[in-house]
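Participant: Here are the chains, one letter per residue:
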Amino acid sequence: MAKVEKKGSASEEQLREFFREMLLIRRFEEKVEERFRAGELPGFLHVAIGQEACAVGVCRALEEGDIIASTHRAHGHTLAKGTHPNEIMAELYGKIEGCSHGYGGSMHLYDVERGNLGANAVVGGGLPSIVGAALAFKFRDEPRVGVAFFGDGATNIGTVHEALNLAQLWKVPAVFVCENNHWAESTPASQHVPITDLTKRAAAYGMEAMRIDGQDVEEVYQAAHAALDHAREGRGPVFLLLETYRLTGHYVGDPQVYRPKGEVEELRQTQDPVTKLRERLGLTDEEFEEADREARELVEASVEFAKNGTDPKPEDALKNVYA
Amino acid sequence: MAKVEKKGSASEEQLREFFREMLLIRRFEEKVEERFRAGELPGFLHVAIGQEACAVGVCRALEEGDIIASTHRAHGHTLAKGTHPNEIMAELYGKIEGCSHGYGGSMHLYDVERGNLGANAVVGGGLPSIVGAALAFKFRDEPRVGVAFFGDGATNIGTVHEALNLAQLWKVPAVFVCENNHWAESTPASQHVPITDLTKRAAAYGMEAMRIDGQDVEEVYQAAHAALDHAREGRGPVFLLLETYRLTGHYVGDPQVYRPKGEVEELRQTQDPVTKLRERLGLTDEEFEEADREARELVEASVEFAKNGTDPKPEDALKNVYA
Amino acid sequence: MPGTRRGQKGRPLPELSYREAVRDALSQAMRKDEDVFIMGEDIAEMGGSMGVTQGMLDEFGPERVRNTPISEIALVGTGIGAAMQGMRPVVEVMYEDFLTLAAEQLVNQAAKHRYMSGGQLKVPLTVRTQGGAGWSPGAQHAQQLEAWFVHIPGLKVLFPSTASDVRGLLWSAIYDDNPVILFEHRTLYGLKEEVPAELEPIPIGKARVHREGEDVTVVATGRLVHEALSAAAEAEKGGVSVEVVDPRTLQPLDEETIVESVKKTNRCVVAHEAVTRMGFGAEVAAVVQHQAFDWLDAPVERVGAKFTPIPFAPVMEEFVVPHADDVLEAIQQTVGR
Amino acid sequence: MPGTRRGQKGRPLPELSYREAVRDALSQAMRKDEDVFIMGEDIAEMGGSMGVTQGMLDEFGPERVRNTPISEIALVGTGIGAAMQGMRPVVEVMYEDFLTLAAEQLVNQAAKHRYMSGGQLKVPLTVRTQGGAGWSPGAQHAQQLEAWFVHIPGLKVLFPSTASDVRGLLWSAIYDDNPVILFEHRTLYGLKEEVPAELEPIPIGKARVHREGEDVTVVATGRLVHEALSAAAEAEKGGVSVEVVDPRTLQPLDEETIVESVKKTNRCVVAHEAVTRMGFGAEVAAVVQHQAFDWLDAPVERVGAKFTPIPFAPVMEEFVVPHADDVLEAIQQTVGR
Ligand SMILES: Cc1ncc(C[n+]2csc(CCOP(=O)(O)OP(=O)(O)O)c2C)c(N)n1
Ligand SMILES: Cc1ncc(C[n+]2csc(CCOP(=O)(O)OP(=O)(O)O)c2C)c(N)n1
Ligand SMILES: [Mg+2]
Ligand SMILES: [Mg+2]
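Protein chains in written order, with our numbering: chain S, 1 to 323; chain L, 324 to 646; chain R, 647 to 983; chain G, 984 to 1320.
It is possible that part of the hints are untrue.
For lysine to aspartate or glutamate, the following EDC-like pairs were computed, each having C-alpha atoms within a straight-line distance of at most 16 Å [to be verified]: (1) R:K910 x R:E858; (2) S:K138 x G:E1181; (3) G:K1246 x G:E1301; (4) S:K171 x G:E1046; (5) L:K461 x L:E542; (6) S:K138 x S:E233; (7) L:K630 x L:E357; (8) S:K313 x R:E964; (9) R:K952 x S:D197; (10) S:K138 x G:E1046; (11) L:K642 x R:E902; (12) L:K494 x R:E709; (13) L:K523 x S:D197; (14) R:K909 x R:E858; (15) L:K636 x G:E1301; (16) G:K1105 x G:D1018; (17) L:K599 x L:D639; (18) G:K1289 x L:D539; (19) R:K952 x S:D229; (20) G:K1189 x G:D1277; (21) S:K200 x L:E617; (22) L:K584 x G:E1028; (23) R:K852 x R:E902; (24) S:K261 x R:E691; (25) L:K461 x R:E680; (26) L:K599 x L:E542; (27) S:K138 x G:E1301; (28) G:K1105 x S:E233; (29) S:K319 x G:D1160; (30) S:K171 x S:D229; (31) L:K354 x L:D639; (32) G:K1289 x L:D639; (33) R:K768 x L:D536; (34) L:K461 x R:D681; (35) L:K461 x R:E691.
Hints in this document: simulated from the structure, not taken from any laboratory.
Extracted from the complex, chain S is given alone in its bound form (with noise of 0.2 Å):
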């Protein structure tokens, strides 16, 4: 299936610094679902717990000066391209130490300096942008890459459909990772795309696409490199299809009555990427508990950042309108 070929194995040594950063963004995770239900946290907010394999491979693959566009499922892309806990966390508190300063909120982490454009909160809304900014390095003959993460909903709007085209045609350095969780929100696959396999989408225009299984971050890590140095070689895009699984609920706080009973409960068994990344690795129950007491104490320490962080003063709303 793969025309571009996996390449770039990583070694154990890396292997291990991927498992400290997925069990980062799923200790962040479960931190941001308590702090929720705590009422602390305002707005809207959507983990990705089940899918950070994803975030993390690809994230790790990228070269400095590599740039992502996020979307409303953000926390772990912006951990894993760099963005400090602390930051995000006082974002979701909403205080001006917050990677947007207070102004954007979970569904609009952005980090400029470290090559995060922003995530979207309109589904498909960030793919035009990655064209552009990849059009702009292929103008200036620069050796950057730019990578769209979206999930299996947004590939049936139309603004991913002209992107994608985009891309293609001019051949812009640029890589689609598409998150098939299989579902969008409440509605299963089934219900929103009539076909099974989604590289399907990208053969409409003649791109390249990888088919991956997105729970094993050593794939991904591969895939990602061999789509990247793809795109960075000026051989056009590729679409990266991750097949992943979202082990909660849509939003933090959903009841997930639509979801088949059980369902959750299996893939947690079998489709956990911390899991399976830590047999991967035969950590023994000491390594485990170690790197989960790092991640715990980073997370628990944003947490305390975030709340001794500072609120913005109600005018600062009319600051940043304009430049």
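Dock chains L, R and G with the ligands against the given chain S, drawing on the hints supplied.
Facilitator: Using the frame of chain S, we list chains L, R and G with the ligands on its own:
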């Protein structure tokens, strides 16, 4: 390629009928060009000279109760769907006897009684309505089919993508007729689609597709027949790709500066569907002349009819905004 | 709440939340009429992102309560096509921010088919949507865009602010032969109001006077109706008598009720959550100054959101969108002249 | 035309058509600056559907004069992405009716990225578009939608009505660090005006007083500027002295120039081709009645299209959109009070 098998071959008699109709469309549109140059026709006009076999082949395969939606290039479809030339010409002259009573113009020819739900001047704009009409047929268990015409250029717009996806997902009785004339205005296919076989677009939805020589009316007719049956029988929509040629400019008056020298002349020699059918039928000069005279007379009469038509009163503009 | 009705012989009327009222109108129409169906993202098993359609899948089944892909332009367009075949579809657009994705079909198709065909077609489509700030959803899930559609001939635009209004107006929208966009506001769903025992259609184009007063007319829409009523109660303590008028339907607009009220009070404030600039209040101000020029003792004051996107942090969000105290300030401003 | 400038020492200034003026600004920016490029449907070999970009492909090549598929939302979005990387793209949307297809990216993305990121980003994107009635293109190629975008914080909206204005303002738009939508009007392309020999940027946010007068201020945009000037000339014959102000930039709006003018003349008419209801004139009327209340001797009169889609038949189209006589009538109406 075509899993939907062509069927319903046309009799000699029918083909002669098709010929007369194609010739009528040709003469009608040549007259439109002439009257535009004479300064008699307001607005913005697009003729489909070269694409007559598409209009006639598809519309002859329709059954009573089937409906169409057309595009900015609508005269041929409208004539083929049964609207009298008088009413179309009157519309182009802005008269109340026109098929849209002077409110529409060339890009908005309607004839609802005859199942023509309107030409659309927004590329791709008509497809969702056809999905909705077909959904209504399905709701009501009526053996009717909705047919949308559109061009190669339209396959790049999000509206079309979303409509095709929805149609296939809901298996509505619709046929999507893509008239691939290899140009979108001045933009050649190579500058707007990164693939050459447009049925790949249908594959992205798992939709049945057929790729047909759009200059051969018999082929078109048979394919359309098969596609309509498929849809009518509840087996889902069909993407009917007609490879065709635009033997004129994009709009009436277009100097075609962008077009490779000699392309039009060569296509007129090799790809004129009227000539092809004339040869296929082995029409004698006399037979041709007779058919031609008939067509010219109808067209001439339509101009007379239109010129003698009634101008709307200015205040009529205030009507028909709301039901 | 002022303006609610009492049952005959004093029997208490049923009380519905705004959410229940929407659901009730939809359900009653669907029971009565095979031609009515609803479609939208996550409206089936989940019952809609705001819970409006909860339970309807069970009653009406997946054909008539259609879950859809994320395809706003095709959804609205599909509704148009079904409507032109004589059905009465109700399409839910999850957030009004996403009307921007369907704008082409709303503006160029739904609004114009009847006209461009010279009267051959009707488009009895209803589009329901919701939005608004007040819960920190961020800039892409909180803006109010009703003014856009008031600018488009061929569309009708409704913005009911109470349970009984939304019930009666949604019914009228469904049975109107024109495309109608009905705006709901996220913060209204829980608000309760007594409603007529039998569903009574409310005519499109008729304002509701929520409260009569002598000194100033406040024309308010959506959430701001309730803010205006609070402000009016507060103003009354200071001896200022405020009339609160909710147009309910922005297009067609009941200019008469508004203008007559201003001719009585000689002062006018207009209030909505949308950004003030080019908001619906501009139209009301333009109409009022024109038709009641000789009656006005002070300029029409406008209350609306400040000219920014909606920020996330609650303190900033609260500052940007207007509340009762902003309406009160405007009342005092105009009375002080 | 009033308001044109004379060269130093009386040397005649170059005269450009509106079309040439647009092309000149684009070309000069592209010569000066590698970061500027243009993209749009049929802008390359064909030179744009209105001929604006004719010859530019030859000079700048297909990378910088990019022909595109029919993909309005992706075009605008691609422009946003390139702009956020520091380029200065100019996207042409062939007809403003098709802005409805790109509205999501304009409203939710271009206008909000800077804000949502707390100031981390800039979006120096220019979107050029054109439209309007007057040549019977029918309902889907003739509406005027500038008012929509005035309602969106984060966007700037320009509507130049003459060759020198469009040249100087387009330049400023390209070099502005914010997303700017520049509206052109189909019927203006052939109009000529003397322009400064060297391109002079015109500041965004500064109205142009085309003609001074004492009795009434006409605030007009786009094609209606020229209709207003004709009406003013006609009114003068009847002894009415008319000041004609073209805001040129609708957002930010030069309220001061408008209000000062009305304070002088005590009367105001506002005129545009868009539908009157919820049109830009509503905002102007709302501002003027508020800020010049005590100076107004008559209500602000609004001139705009009747509340219909644009019909095809020339007699009806002519009736629906406003012309000089409509402006004149409004002038007489206000002066007659
Ligand atoms: C254009 C648009 N329509 C609807 C929504 C509401 N919405 C938010 S997330 C979502 C589902 C997205 O599904 P998918 O793309 O598969 O991403 P996932 O949530 O599974 O990560 C929907 C419908 C939206 N944000 N944007
Ligand atoms: C949404 C939209 N964008 C642009 C246009 C301008 N336009 C009219 S026809 C056309 C080309 C259409 O190409 P195609 O779909 O191949 O149809 P053809 O003209 O070849 O029949 C364009 C760009 C339009 N009408 N609608
Ligand atoms: Mg998903
Ligand atoms: Mg074509």
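Participant: Give a verdict on every hint.
Facilitator: Right, here's what the structure says about each hint:
1. R:K910 x R:E858: 11 Å, holds
2. S:K138 x G:E1181: 33 Å, violated
3. G:K1246 x G:E1301: 34 Å, violated
4. S:K171 x G:E1046: At roughly 12 Å apart (the allowed maximum being 16 Å), E1046 of chain G and K171 of chain S satisfy the hint.
5. L:K461 x L:E542: 28 Å, violated
6. S:K138 x S:E233: 11 Å, holds
7. L:K630 x L:E357: Given that 16 Å is the threshold and the Cα spacing comes to 15 Å, the pair holds.
8. S:K313 x R:E964: Holds, at roughly 11 Å.
9. R:K952 x S:D197: Not satisfied, since the Cα-Cα distance of roughly 47 Å exceeds 16 Å.
10. S:K138 x G:E1046: Given that 16 Å is the threshold and the Cα spacing comes to 10 Å, the pair holds.
11. L:K642 x R:E902: The hint is violated at about 22 Å.
12. L:K494 x R:E709: 12 Å, holds
13. L:K523 x S:D197: Holds, at about 14 Å.
14. R:K909 x R:E858: Status holds; Cα separation ~13 Å.
15. L:K636 x G:E1301: Holds, at roughly 11 Å.
16. G:K1105 x G:D1018: Holds: K1105 of chain G and D1018 of chain G sit about 14 Å apart, inside 16 Å.
17. L:K599 x L:D639: 46 Å, violated
18. G:K1289 x L:D539: 48 Å, violated
19. R:K952 x S:D229: 46 Å, violated
20. G:K1189 x G:D1277: 24 Å, violated
21. S:K200 x L:E617: 50 Å, violated
22. L:K584 x G:E1028: Measuring from Cα to Cα gives roughly 13 Å; hence the hint holds.
23. R:K852 x R:E902: 9 Å, holds
24. S:K261 x R:E691: 13 Å, holds
25. L:K461 x R:E680: 13 Å, holds
26. L:K599 x L:E542: 12 Å, holds
27. S:K138 x G:E1301: 48 Å, violated
28. G:K1105 x S:E233: Outside the cut-off at roughly 28 Å; violated.
29. S:K319 x G:D1160: 15 Å, holds
30. S:K171 x S:D229: Roughly 13 Å between the alpha carbons, so the hint for K171 of chain S and D229 of chain S holds.
31. L:K354 x L:D639: Violated, because 28 Å separates the two Cα atoms, which is more than 16 Å.
32. G:K1289 x L:D639: 12 Å, holds
33. R:K768 x L:D536: 37 Å, violated
34. L:K461 x R:D681: 12 Å, holds
35. L:K461 x R:E691: 22 Å, violated
Checked against the numbered hints above, the structure breaks hints 2, 3, 5, 9, 11, 17, 18, 19, 20, 21, 27, 28, 31, 33, 35 and satisfies the rest.
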